[in-house]
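4 protein chains.
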Amino acid sequence: MIIVLKSDATAEQIEHIEKNIREWGLRPHVSKGAERSVIGVIGEESLLANKPFDLFPGVESVMRIQKPYKLVSREFQSKPTKIKIPWGKPGVDPVEIGGKRVVVVAGPCSVEKPEIMLETARYVVAAGGRMIRAGAFKPRTSPYAFQGLGVEGLKILAQVREETGIPFITEVMDTRDVEMVAEVTDVLQIGARNMQNYSLLKAVGRTKTPVLLKRGIAGTIEELLMSAEYIMSQGNEKVILCERGIRTYERATRNTLDLNAVPVLHKLTHLPIAVDPSHGTGAADLVLPMALAGIACGGDMLLVETHPTPQKAVSDGAQTIDEAQFKAMMEGVRGIAAVLGRAV
Amino acid sequence: MIIVLKSDATAEQIEHIEKNIREWGLRPHVSKGAERSVIGVIGEESLLANKPFDLFPGVESVMRIQKPYKLVSREFQSKPTKIKIPWGKPGVDPVEIGGKRVVVVAGPCSVEKPEIMLETARYVVAAGGRMIRAGAFKPRTSPYAFQGLGVEGLKILAQVREETGIPFITEVMDTRDVEMVAEVTDVLQIGARNMQNYSLLKAVGRTKTPVLLKRGIAGTIEELLMSAEYIMSQGNEKVILCERGIRTYERATRNTLDLNAVPVLHKLTHLPIAVDPSHGTGAADLVLPMALAGIACGGDMLLVETHPTPQKAVSDGAQTIDEAQFKAMMEGVRGIAAVLGRAV
Amino acid sequence: MIIVLKSDATAEQIEHIEKNIREWGLRPHVSKGAERSVIGVIGEESLLANKPFDLFPGVESVMRIQKPYKLVSREFQSKPTKIKIPWGKPGVDPVEIGGKRVVVVAGPCSVEKPEIMLETARYVVAAGGRMIRAGAFKPRTSPYAFQGLGVEGLKILAQVREETGIPFITEVMDTRDVEMVAEVTDVLQIGARNMQNYSLLKAVGRTKTPVLLKRGIAGTIEELLMSAEYIMSQGNEKVILCERGIRTYERATRNTLDLNAVPVLHKLTHLPIAVDPSHGTGAADLVLPMALAGIACGGDMLLVETHPTPQKAVSDGAQTIDEAQFKAMMEGVRGIAAVLGRAV
Amino acid sequence: MIIVLKSDATAEQIEHIEKNIREWGLRPHVSKGAERSVIGVIGEESLLANKPFDLFPGVESVMRIQKPYKLVSREFQSKPTKIKIPWGKPGVDPVEIGGKRVVVVAGPCSVEKPEIMLETARYVVAAGGRMIRAGAFKPRTSPYAFQGLGVEGLKILAQVREETGIPFITEVMDTRDVEMVAEVTDVLQIGARNMQNYSLLKAVGRTKTPVLLKRGIAGTIEELLMSAEYIMSQGNEKVILCERGIRTYERATRNTLDLNAVPVLHKLTHLPIAVDPSHGTGAADLVLPMALAGIACGGDMLLVETHPTPQKAVSDGAQTIDEAQFKAMMEGVRGIAAVLGRAV
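Protein chains in written order, with my numbering: chain A, 1 to 344; chain B, 1 to 344; chain C, 1 to 344; chain D, 1 to 344.
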C-alpha cells in the first residue's frame, strides 16, 4: 500500500501515521519527493484493507498495490484450469471446458416442454454444440412475468440428458435451492444479478458441482474475480467466468458486450472464460457476428440462446436464434477456431 | 404497445402481425404514416411482455407505453405512504417516515462493541437523529474481509434499543435468515448488491416488517420500482426506497449520488425516499454538503454512517463522520428542512 | 510516480528500469515488499508523462501520484477566485461570481426575438437573477435543426443589456468566431461538447473575457480541471466551472446531475462552481428541486433555462421553466443560501 | 411521433394538443386504449423536433418513431459505400475501403522523425498494411504535453508517401486548419473528442477529402450517425465511421471497445466501419486479440498504433505494438478475413 501525503503534511502527521502502521504489525517506509512524500507500507496488505488511512491528517490518498484475490490468479496457478463434464451416456468423451476445443452451449432461455427441449438438444448436438442451457428458475424484472417451471424444469432437463446424453447448465437463485439443484445439474449458473450475492456464492462454493459465474451488469473485472474467489475459498475450484454484456449509456443494444474482458481475464486468471453473445447484444441478428468475435479474442466457451421457433419462445425470444442461424454460427465458429489452432 | 413497422413492410406482413395480436386476445390498430406505419395494440400490455414482436418480418421496433409496475405507482395510490416505526421505550412518539418530518438514521457501518453502539446511539438521538443503522451481516467484496458479527450483532442492536429506545435498521442477505432478522429488527435493509435478488425480495415481502430497499449500483429508477413491486406484490406495503449512488465512469468519488432520482421517484411513486450520502460519495468530507442537497431536493430520510472515532471503525471508516461532523450536519439539515416547510 | 513490479521481476529487469529513469534525469527509489517491490520515482513527474513504463519487462502497473494540473489547483492558490462582471448600466454593483452571493443566470436556450428577450430579462432581474443566458450559436445534434440566430443573436443580447443593464453569457463554438464573440459578450461559454476542443480552449484562453467551461457529458472531474488549465495556461485566469449533468446508464432523466462534483471541485480548485439543473435533468419540473440541491451542496452560481412561454420556445422547451416557476425557484434559493450564510 | 397521454387526461387537454398539432401543419390521430390513450402524429416528424409536447397538460411522454438521419441510412442507400484512396506511386491499385478487402492502417501515435516513419511504413506495407496513420496535430489532455509536430509533421507524412507510395490518415482539430490539411492528407481524421464539434464537421464536409470519423467516448451510435450526417449534408459523401472504445465504469482497460457497434452500424448505414483496437483497449498485448475480434464481427478496416520501438515512441507507447507483433496480428487478420470470405 502506498500512502500519498499532502504537500503540506507535517513531520508530526507523518510520525503519527508511521506509528499507527507499526501498531498494525507492518513496516512504514517514507520516501521524500520533490513535491510531496509517500509512505510505502511493507507487509501483508490485506491486514490494512479496513484501515481508513484516508482519514489521517496529512494524507491525500491511498493506493493499493497488491491484488485482492489469490486463488483465482495466474500468479497462484499459471496453468489453465480445465473442467471436465461427463457426457450423460456411455461412449462419448466428456466435455472439457478450458482446453483446446471451444465448447458451445445452447438452448432456450427458459426450459420449455420436453418435445421442444429434445428437438433443440438434437440440433445443437448435430451442429457441434456440446451442452444445453435453459432456465428452470428465472430471475425476471417483473414479479408478474413467468418465473420458470422450477423443479418441473429440472426434471425435463434431466430427461433430455438421459435420452441424448447432453449435459446441461441451469441457474440457481436461492441459497435454499442450491443443494437440490446441484444434485441434478452438470453446471450451476450464477446469474448476472447475483454476481455479488455472497450468501449464494458461498453456498455453491460448498458443493462440488462446476459453477458458471456471470459478470454482473455493473461488475468490474476485479469484482468478477473476487466473486470467483468467494466460490473457490469455500473449496469449489471448478469455476467458469462469463462475459455477458455490461450496462453502459448505449441503448442501441440491450447490453454492451465487453470483449476486452476476455484477453484481460486470460492474463489475470487461470479459469476458463465464456462469452454470451445473446444477452451481450439482446438481438438475434447480432449473435452470429459477436459469437465469432468472442472466439476470435480467445473465448473458451459460447453460451447462446436458441429455440426451434424463437417467435414462440416463452421468454427472451428477441435474442434467440433458430436452428438455421445456429448452424451458420457453428460453421463460422469452426473456421475461426481453426485459425487460432483450436477446434469445436 | 406501439409496433413501428419498417418503411418497406408489406401488406402481408402487416396482416400477419395483426392476426397474431388478435390471437393473444388484443386489438391491433394500424395508423399509416407518410414514411412508415405503426400498429397500436390496445388491451392489457402485460399480456405481451414476453411476445417477441421484434422478430416478426416487417417490424422495426417495439415501444412499450404502459408502466410495468402498479402497486408502487402514484396512479395506483396518489397519497404518500407514511411508515410508522414505534419507539423502543414508552412515552416517545413513533418515527414516521414519509411524513412532515425528515428522519435521520445514523450509525456505524458494521455493528461494533456494545459500548460504542450505545455511545453512538446517544449522540445520534441528542442531535436529532431518530433511528440507528449498523450491519450485522455484511456484504463484502472480499471473502477474506470481516463479514460482520452476525446474530451477535443483532443482539447488540436490540440491547441498544432496549436501553435507549431508538429503533434500528439492519441488512438481511440470505433468504434463510429473513424470518429471524425480521423478528428483531425495526426495518429490514436490502442492500444495493441484492436489489435484484428476487428470492430475497419475495422473502421480505412475506414479512410484515418495513423494508428499506437500496438502489443497485447499476439499477435504473424503473428497476428499483420493479423491485419494490416484488416486495409489495407479496403483501408487504411498507417499502422505503433509497438512493445511495450509482456507478458511473467518474472515479473522483466512490459512487455518483444521483439526486435527480429523488424528485423523479416522488413523481412516480407514493413510497418514501431516503438518501445515503455516505455510500453515495465514499468520503467523510462530502457527507455534509450532500446530505443537505439530499434534503433540499425532497428526500424524506437520510442514512448516514457515523462513529465516535471513525479512524477505528471496523469498516468503511473513510466515509464515516464523527460526532462533531454529525452535529454540524444536523444543524444544516434542520435549516434546509425549515426552508421547505418541514422539520427534523 | 510509483512503478509496481511483477512478483517475479528479476534483478536485471529492475536495474534496466532504474537505468532508464536516471537517463530521463530522475531518481529511482526501490522498496522491496513481502510480495512484490515498487520503484518510487522522485523528481518532476510531468517529465515522465509520455514514458511507457508499462511496457518495460517486469512492470505490472504504473501509478501517478502528482496531480497533472497546477494553475487551477488549491495548492497553487488557496483563496477562492472571484470574478467580477460589470453591470451594463451605471449605478448598479458588478456581479461577483465566487463571492458571498449566489449568482443566478437565466434565459431561454436560444436567443429569441428582442421583445421576448427583454421580457425575460426583466422578470429575471425582478426576481433576483443577475445575468442572462441565451445561445446565438447553437450546437445541435442534427444538421437540420435550427442552428441559432448567429451574429444577429449577439446583437439582440447586446441590445437587451443596453436597455436593462443585465450582462450576459453566450456560447462560442468555432475558433474563427472567438475574437468577435469575446468583444461583445460578458462571459464566453464553452459548451459540454467542446470541453476537450483544445483549439477552442486555447483561443478563449488568449482573450481577457471570463469563460464558463461546461463539463463534458463524459468528462471526469480531472479532465474538467485539465481543460480549465488549458485556458489558464494561455493567460486567462477568469474561469468558471459548470456541472451540467453527465451521461450514465439512467434514462429517466436526460442527464445525471453529478452534484458530488460541487464539493469535490471546491476541494481541488479555487475556481467558482456553477450548476445547471436545466441540462442536468432535462425536465422543467425537476429544475426547482435540483437548483435548491445545487446551492445546498455549495454551488456559487446557477444556470437556468427560462422563457415567458416555454411551449413556444424555439429550442429545449421541455426543460425550460416559466416566470412563475422561476420566481418560486428564486424564493427557495434565497432560503437555502441564507441557511449557508450566503445571499442571492 | 407518438404522444402518450396521462391516464387522467381530459377531453379538453386532448383537443388542445390536437389543435396545436394541426397548427404546425400535421395530422393528429387519437387511439383510445384500455388504460390510457395515445396520439399518433402523421407527417414530417422533423417539423416537431423542437416542439415541447412534453409540457402540454395531459401529456405523459413523447416517443419519436422516425430516425433523425437520412443520408447515412441504409434506407436512403442500400448499397455499401466504397471509398477509393489512390496509391501514392503509379502501378499499385488504389486502396478501397468498404470493399471485399479488409484495409489495415497502422503507424505511430504521433508523427516521428522521417527515418522512423519510413521504417514503419516499410514494415507495415511488407506485412500487408495499406495505409499509414500518425498525428501531426495531437489533442492532449494536458496543455503541457507534447502537442505534435504540426505542419512539419504533415511534410514528413507527405515525404513518406512520396518515397513508398503509402497514403495516410491524419487528424485535423481546428476549423482554421481544415483546408490546409485537406490539401495534403489522403484521409482527414476527426478525433473522438471532436465528434460533436459541429463547426469542424461542417468544415470537413465542405472538402472533397475522405473523412474518418471517430466515435466520441460517450457518443451513442445514433449520435455518431448524426455527426456523419453533418459531414454528408455539406456535400462530402466519403465518410468512414470508427469504433475506438467508449467510456464505461470499467477501468481494467483504458476504454471499452464496443464491438456490438460494428454489426449494428452495418444494419443502419451504408458507410464503411473501422475498428481501432489500440485506443479501444489502451494496452499493447490486447491489440492482437481485439483486432481479430474486430474483423470477425464485420469490421472493414483496422486502425492500429505501431512503432519500431514502442518504448521510445513520443506518445501512447503503452498501447503501441512493434513490428513482430504487427506481423503476428496481420497473419491472424488474414486467417479471419478468409473465414468470412474476405481478404487483406
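No lab work stands behind these hints: they were computed from the structure.
Treat the hints with care, since some could be wrong.
The list treats identical chains as one, so a pair stands whether inside a single copy or across any two.
Stated by the list, open to error - Listed next, the in silico DSSO-like pairs over lysine-lysine satisfying Cα-Cα at most 30 Å (straight line):
| no. | residue 1 | residue 2 |
| --- | --- | --- |
| 1 | 312 | 70 |
| 2 | 32 | 6 |
| 3 | 32 | 113 |
| 4 | 113 | 19 |
| 5 | 32 | 202 |
| 6 | 113 | 79 |
| 7 | 89 | 67 |
| 8 | 19 | 100 |
| 9 | 100 | 89 |
| 10 | 312 | 67 |
| 11 | 155 | 79 |
| 12 | 312 | 155 |
| 13 | 70 | 155 |
| 14 | 208 | 19 |
| 15 | 19 | 67 |
| 16 | 6 | 327 |
| 17 | 70 | 202 |
Since we're looking at a predicted model, the values are computed, not measured.
Open item on the list: I'd like to know which numbered hints this structure contradicts. Please list them from smallest to largest.
Closed with: 3, 5, 6, 7, 8, 11, 13 and 14
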